[in-house]
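Keeping their order, the protein sequence lines are chains A and B.
Note that the numbering used here has the first sequence beginning at 1, numbered continuously upward.
Note that the numbering used here has the second sequence beginning at 1, numbered continuously upward.
Just to be clear, a hint being listed does not mean it is correct.
Here are some, though not all, of the chain B residues that point toward chain A, as calculated from beta-carbon distances under 10 Å [claimed, not checked]: (1) T46; (2) E411; (3) A414; (4) E433; (5) N594; (6) Q597; (7) M672; (8) H680.
Going by beta-carbon spacing under 8 Å, a handful of chain A positions derived as facing chain B [said to hold, decoys possible]: (9) R25; (10) D123; (11) Y236.
Everything labelled a hint here was simulated from the structure, so no lab data went into it.
Computed from a predicted model, the values in this text were never measured in an experiment.
Don't be surprised by glycine CBs; every beta carbon is placed ideally from N, CA and C.
As a plain string of letters, each chain reads:
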Amino acid sequence: MNRFEYIRPATVADAIAALNEPAARALAGGTNLVDLMKYDVAQPSRLVDINRLPLKSIEITSGGALRIGALVTNTDLAWHQDVREKWPILSSAILAGASPQLRNAATAGGNLMQRTRCYYFYDPSTACNKRQPGSGCSAIGGVNRIHAILGASDSCIAVHPSDMCVAMVALDASVEVEGPEGKRSIPMSGFHRLPGGEPERDNTLKVGELITSIIIPEPHFGAHHTYLKIRDRLSYAFALISVAAALRVDEGVIQDARIALGGVAHKPWRDFDAEKSLKGERVGTQGFTQVADFILRDAKGQGDNDFKIELARRAIVRALEQAAAGTPQDQADKSIH
Amino acid sequence: MSVGEITHIGRPTNRVDGRLKVTGQAHYAAEYPADDLLYGYIVGSTIAAGRIAAMHLDAARQFPGVVEIFTHENRSKAAWLDRSWRDEVAPPGHPFRPLHSDRILFDGQPVALIVAETFEAARDAGSLIRIAYDVDAHCTELEAKRAEAYVPPEQRSGIPPPPDPRGDAEQAFQDAPVKISRDYRVNAEHHNPMEMFATTCVFEGDGKLTIYDKTQGSQNAQGYVTSVFGLRSKDVRLVNHYVGGAFGAGLRPQHQLFFAVMASLELQRSVRVSLTRAQMFHIGYRPDSYHTVSLAADRDGRLQSIMHDAVASTSHYEDYQEAVVNWSGMMYHCDNVKLTYQLAKLDTATPCDMRAPGAAIGVTALECALDELSYELGIGPLEIRRINFASKDENTKKQFTSKALLECYSEGAAAFGWEKRSPKPRAMREGRELIGWGVSTGMWDAFLQKAQATATLKVDGTLEVATAASDIGTGTWTILTQIGAEAFGLPLEDVQARIGDSTLPMSPVEGGSWTAASNGSAVQAACDAVKHSLFKQARKMANSPLADASFEDVEVRDQRIFRKDDPARGLSVFEVMHAAELKEITEQGKVSPNLRQMLKYTSYTHSAVFAEVRVDEYLGVVRVTRVVCAAAAGKILNPKTARSQILGGVVMGIGMALHEEAMTDHRLGKIMNANLGEYHVPAHADIEDIEVIFVDEKDDKVSPLGVKGLGEIGIVGTASAVANAIFHATGVRVRDFPITIDKILNAPRPS
Ligand SMILES: Cc1cc2nc3c(=O)[nH]c(=O)nc-3n(C[C@H](O)[C@H](O)[C@H](O)COP(=O)(O)OP(=O)(O)OC[C@H]3O[C@@H](n4cnc5c(N)ncnc54)[C@H](O)[C@@H]3O)c2cc1C
Ligand code: SF4
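Generate coordinates for the entire structure from the input sequences, incorporating the hints supplied.
Set out below in structure tokens:
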């Protein structure tokens, strides 16, 4: 761990000013950043502790959308009454992640910004383009059980590990940010990025920008949704594959479909063409299998993770079945129906 | 025998140290305060084999707070001969010597110790050290070295080599009508107790050290320190009052002990060194192993041939050994048996004992193979185990001192509801899940080791019992207190146990499940000796009401010594001691194995493990919904802590079956998931119902207390029961542990 400057601003403006240098980092719950500092992976010159900023509220906007302050903890968000009633898939996705202790500390903004769990990224003695641009990617040809099957590049095959973000992408969320150049809103599907030749960049946030809130329009899926997470143990493990699926069904015909995948790519994966193809279809496993195959048309394994292609296909089908039946997966129930 | 009812032994008793632990008053090795304490941080090598070409330490040296950096170039002199580095349980070879030379033998090998005024400064300075290596080729993959496997030329003390072949196993295999031959692999596992290895070495001045160390043997670790650094035994006291789990990783002294003592001696200050979680993966581990098991039977299911060939990993510098295949020669009756056990050298640290070393992997392979054979035969998996019950140890031709295994089968089966099992795989289903039931036998040694204890009866009637045992979470504090309380008919509050200190009476390391039997029996012997002395004093008194009694006629209870046939005739402890002008009576107790008896008998703990799994085969997800473990472990001193031991063993067995896997990048020779986020052990959600049954087993030979010990039996057979249940559920046989989702998805589907 390196030496760093620590400041705790009281206003968003002060925080943005303090963040305006490349090696400055915001400190929220610290559940990811502090670990990375201990591993000597993150070496911030300055820690800007944002925990005193007034970004802790959950509100319903006049348009009926959900506005989540960047510092709302994962626990508060998951258990918020409105969220549980109107955005249950978000609540479910959050509860599928980490542990209660971590969720108590982790924040919405931090969850968006959490870094990959690629083993090599955490081990500074190995080559990793994301940690040290140009050094190479050890995961290619190495231990890559948890790595990407979609959208990977020759420079990086890491995945974004969040559960929460998968639901947010499915729900058409947008990320409100504020920086030296003012405020802007980034659609969630464009917030995280694919690695391409610049795997060091996880997302499209610019230097000095702070996430202030996340806005999610009200969905109209009723009970036709699910968040299905497949992992190496039944709790407290990152997703091998996760699927957020939501359907608007009218008399057995699909009017609108959302399918987002976690654990498969450098960003929560959403395929708009695939979703469109379901519109007007009758609910049924055959169509679900086809759509799964379509989503995975370009999937590529890296060795250890080859099985994830088939697993993803099956998880998509199962998730769509759950959503179609209006029986979302309960995260407290360890059997998958 | 006592006239009163038994009060403490056999009663479920809360841990006497429980309150101290949950309130934080029980200090662990890294928690002892010391004046002017320095902190050491270990820097590990980042290559698996080679030499250190150059170390760039300037930046680290100049870091504020850094006091000294030790490397192979400036380390202090330590013992020269291998023998001085060999601890009580060391395998043959050249024990690892930290900072001995520029040679790198495994990834993560300590190459520098930074000592600073704070832990943070030491760690931060550590990140500034740059090391250039001359890299050699390495191999960390057992598969690649299988062909070079060898029989260890020198046997590890205390570990029996495989027995000589009996009968003609090859021929019997050829001739038998039903047979299978299968390959299994059990991946390496890492102990990962909650408490990290740590040592606080307190520099007392006048050449004395008090060392608080995380170890399973205070005297073993103390002996290591004195012999490595050439110190006088009386100058070094080593304390391990509380140990936050160890599972075998604390049997041998770990690096941090060497480093803390070396730095303390060099700098003449107190020093603390703790390992990080990641560094916990660079010390000993359960070896990776491959097993070929060939079994043949007649059509009635009677075993005609057993062959078990195992290859396990070891390091380049030591031949770590455990009894892996021997179980296959004695768990079942069979006249034709051939067992081999070989090692293969990898560029890793030396493996070390991990809960039920040898049995945990060897029995897993055998018990899966036997399950496979049962389906070939069309005989139930429990039935085939009953049919082949071994009434004596056929490896040694000795009798068992007791073996209530058949009772384990029947009581476990009854509790589990085994008779409702449908024999065919894939026959039980609920919702999306297939349900499977599997069974396995478990077996572990019931050792008695040499141990000593003292008991001290004080004039106020309270008792102290002492032995240098360790309590690694097993409940030693509690059972020794119970034994003392039982002997003197005292409430637990009036008995103080003293353990975890090298200055106490001689004790072996806490391992092999022998502590309850060995240290417990020594404490009991010491208590008996005190009672004898008390009786002698009582009888000597003028007008003693016990003048005409013999020792057998009296009992000690509630601070009185009195006649069993007339409890009113007696004296208080206070009266006796007062009359004899004694403040206390201290006596010693000893036990050692009964060598004459050992010529005829062997002792083992047995178990039957029943597991239910539910498998979503479409998604490859397995849940272990029920486990019943029925164990025959002699007398149970404390059903509560005993149950906890079995529960822990079963949980660890489920981890072996489904989760635990060190993922090594063999190109780099590095374990990539060296943290508890990615190295999976079962989480709460993975554990559902576990029922523990102790079947009645009287054994008057195994140890004076009739105790067999049960720290390890819980893990043995659990992984195989789970694997067998997965087969029963799905018809899919995975022979590579852990059984992860990918293996279930990729396994060929039954037709
Ligand atoms: C053992 C373990 C298991 C886990 N399992 C899961 C899991 O199963 N599923 C899952 O989804 N997650 C899991 N997590 C990850 C967890 O969700 C994240 O660590 C957490 O959400 C990060 O939030 P935080 O507030 O603690 O962020 P911090 O650690 O404080 O920050 C993380 C990053 O976000 C930046 N940041 C924080 N807030 C802002 C802001 N407002 N604007 C701009 N940048 C900001 C920081 O600068 C930093 O770079 C796990 C974590 C651990 C340690
Ligand atoms: S996959 Fe990405 S994060 Fe992992 S080693 Fe390669 S470059 Fe680094």
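Hint by hint, here is what the structure shows:
Annotation: T46 of chain B was flagged as interfacial toward chain A, and the flag holds, the nearest CB pair being 4 Å apart, inside 10 Å. Against a cut-off of 10 Å between C-beta atoms, the interface hint on E411 of chain B is violated, since the closest Cβ of chain A lies about 29 Å away. A least Cβ separation of about 27 Å between A414 of chain B and chain A goes past the 10 Å threshold, and the interface hint is therefore violated. Interface restraint check: E433 of chain B against chain A, minimum CB-CB distance 6 Å, threshold 10 Å, status holds.
Because the smallest distance between the Cβ of N594 of chain B and any Cβ of chain A comes to about 45 Å, over 10 Å, the interface hint for this residue is violated. The beta carbon of Q597 of chain B comes no nearer than 46 Å to any beta carbon in chain A, farther than 10 Å, and the hint placing it at the interface is violated. Hint status for M672 of chain B relative to chain A: holds, with the closest Cβ pair at about 4 Å, below 10 Å. Annotation: interface hint on H680 of chain B holds; nearest CB of chain A at approximately 5 Å, less than 10 Å.
Below 8 Å, beta-carbon pairs count as interface contacts, and R25 of chain A has none with chain B, the closest being about 17 Å; its hint is therefore violated. Interface restraint check: D123 of chain A against chain B, minimum CB-CB distance 7 Å, threshold 8 Å, status holds. A hinted interface residue such as Y236 of chain A counts as satisfied when its beta carbon comes closer than 8 Å to some beta carbon of chain B; here the least separation is about 4 Å, so the hint holds.
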